[in-house]
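Undergrad: Could you build the full structure based on these sequences and the hints that come with them?
From first to last, the protein sequence lines are chains D and W. Numbering follows numbering that gives the first Met the number 0, with no gaps: position 57 of the first sequence is 56. Numbering follows numbering that gives the first Met the number 0, with no gaps: position 165 of the second sequence is 164.
Hints are computed from structural coordinates only; laboratory data are not their basis. Certain hints may be false.
[Said to hold, decoys possible] To give a feel for the contact side, a few chain D residues facing chain W, derived at Cβ under 7 angstroms:
#1 Val-13
#2 His-34
#3 Arg-38
#4 Leu-39
#5 Ala-160
#6 Val-284
#7 Ser-285
[Said to hold, decoys possible] Ranges of calculated distance between the beta carbons of each label pair, as one might list FRET restraints:
#8 W/Lys-22 x D/Tyr-286: 18 to 28 angstroms
#9 D/Phe-47 x W/Leu-8: 30 to 40 angstroms
#10 D/Phe-47 x W/Leu-55: 37 to 47 angstroms
Here the structure is a predicted model, which is why all the values come from computation and not from measurement. Glycine included, every Cβ here is placed at the ideal spot set by N, Cα and C.
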Amino acid sequence: MNDALDVALRLVIVFAVFMVLPLVVGQTEHKVMAHMQGRLGPMYAGGFHGWAQLVADGVKFAQKEDIVPAEADRRIFQLAPAVALLPYLLVLVAVPIGPGEGAVGQVVDAGIFFVLAVMGVGVLGSLMAGWASANKFSLLGGLRTAAQLLAYELPMLLAAASVAMAAGTVSLPGILDAFEWWWLPWQIVGALVFFVAGLAELQRPPFDMPVADSEIIFGAYTEYTGLRFALFLLAEYAGIVVLCALTTVLFLGGWHGPFGADGLGWVWTLLKVAVLAFVVIWLRVSYPRLREDQLQKLAWTTLIPLALAQIALTGIVKVAIN
Amino acid sequence: MPPIPGSGLAKGLAVTLRTMTKKTVTAQYPDVQPELPPRSRGVIALFEENCTVCMLCARECPDWCIYIDSHKETVPAAAPGGRERSRNVLDRFAIDFSLCMYCGICIEVCPFDALFWSPEFEYAETDILELTHERDKLRAWMWTVPEPPALDPGAEEPKEIAAARKTAEKLEAQRAQEAQQAQEAQQAQEAQQTQQAQQTKKEAEGEE
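TA: In structure tokens form, the structure reads like this:
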């Protein structure tokens, strides 16, 4: 096949997934959250059980006036949503969905490094928004984002390092090729740490102090309206997809399943991502927001020691096997 | 025993998951009419055939929201030589639902059962003045008044039915008594006849 065409096709597919899956997660969140609270959720948009609610929301956001505060740092303010959203698109390119060359946007040899580094960039969008808005609530939100990023990036990296140690490679398809079913109990602590730290980095409830609407309006997004605000929201849901996909690939064995792993690997991946996305929504509905100091305490006194213990365990088992 | 660490978190997850599997409580009102409890106080309906323009409702109303106009008519004597009667004819009966506080005193106080609670509640207007509803509308709401709910098992009999039953029993007893009397009279008559026949027979034998 023509190389340029091949690249274009892959990018188009990744972009389509990037546009569709976050909306699916968002709609699922509407519905699951409603039913967990004894409600029905959206019922009108689109006719059948409100399936087009997020499309309608998008149309609404696009119609709104795009306001930049007079005192704001104009260019940074306008650039922030893109910085928040695009890294997740880039991460998605490197996530393998099935076995072989054909099921990944682009094989990156240093996959874990690339993925975690780029995901970290996404949080910069919130920092830029918080600083450039010239609003004290935005600034508070930005500061909280920064504190959260510092606290939770570390356990996330440590947990991922544990998997890289176990597989002996930092390439995502390489990790999946080395995967055995008994990695699940072996890396379970690392998986939990990675998932929780990822939730905190996405600023999802119960770790949504940076946008705590009852305390600081909407944190770094306070001054945003219209499409730019919608992009921030989309970034959150894209982040859920990426986090769930990464957890699936690193800890749950990606395309490996009890049966049908040959042809239906991508179904297993999508299924695991969907279950994890449900868990993300479930946690949001079930738990109240942590206090800022509780958040820091959880990261520094629980998650990091757990992640270090996981690395030690991985090392011991690895040496014992060899 | 201290609780297992994390059991509270698990309980929280269990609660939301259980709620998700249960039926939702959302009322889809404009699409689905609500299921109202019996004796719902939606609006006050007028059964104008029963109204005698006694004005009790208008006078008892704490808000003064009932408007009644009437005039007198003379009814010619029913029997020749009798006296002419006069009666009140209802001209206007209106309730201003922008004032009404739905206390239901007018319904309680009506001695002729002319006012009823109807569960109908969709009579919003765009102008507050249009909330004064006239007799035709109040009469139309009468069709939405539900049958009174059935009595509880073992409840006391309604007074109307008790009275009717008492009358019926009295009539029955009277009829039975009359029938018995008639039977006794017939028997007595028959006995007399046989006696007479025997007597005539004896007399005839004696003559021979």
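Undergrad: Tell me the numbers of any earlier hints that the structure contravenes, in ascending order.
TA: Of the numbered hints, 1, 5 and 10 do not hold.
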